[in-house]
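Student: The whole structure should be built from the sequences, with the hints applied where relevant.
Count along the sequence shown from 1, then add 51; that gives the number in the working numbering.
Be aware that one or more of the hints could be misleading.
[To be verified] Computed list of lysine-lysine pairs in DSS-like fashion (alpha-carbon distance at most 30 Å, straight line):
id	residue 1	residue 2
1	Lys-155	Lys-103
2	Lys-167	Lys-103
3	Lys-167	Lys-74
4	Lys-70	Lys-103
5	Lys-167	Lys-104
6	Lys-155	Lys-70
[To be verified] The following label-pair restraints were derived from C-beta to C-beta distances:
id	residue 1	residue 2	range
7	Ala-144	Gly-119	29 to 39 Å
8	Ser-156	Gln-132	13 to 23 Å
9	Ala-153	Gly-92	16 to 26 Å
10	Arg-73	Asn-109	18 to 28 Å
11	Gln-88	Glu-171	11 to 21 Å
12	Glu-60	Glu-168	18 to 28 Å
13	Arg-73	Arg-134	32 to 42 Å
14	Glu-157	Lys-131	28 to 38 Å
Hint data in this document are derived by calculation from the structure and do not stem from the laboratory.
Each residue gets a CB set at the ideal place from its N, CA and C atoms; glycine is no exception.
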Amino acid sequence: MANQHAKSERVFKTAWFAKAARKTHIPDSELCAAMRQVMLGQADDLGGGVFKKRLSKNLYRSIIVARGGRYWVYAYLFAKQDRANIGADELEAFRELAVLYARKSEAGIAREVQLKELVEICHEEES
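Tutor: As structure tokens, this is what we get:
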């Protein structure tokens, strides 16, 4: 029973990602299991704090931005049948987003959650 007092590894999905995951029937439980694998290095590291992870029996790809191990954010979802990968310009934008999240304060993250721009998932805290 690992109880982490420091909120070091928090997992979120953007409002856009939450809507896309709902449409494709990908539950938070699958996202959390996949994120644990990402944290163990079982994902495609695209550099600059950007990761690609397969979801839903390999039918979808998710783009995750993380930097410094504080905030892990599901940012983008696409169907494997619709596109092979993200473009170089998109990758650069996601790298910039990773830097932005790395600079955010706890108050900044809390504000985004309050505004429903981010949805926190994978709560490990005991209630």
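Student: Broken hints, numbered, in rising order?
Tutor: 7, 8, 13
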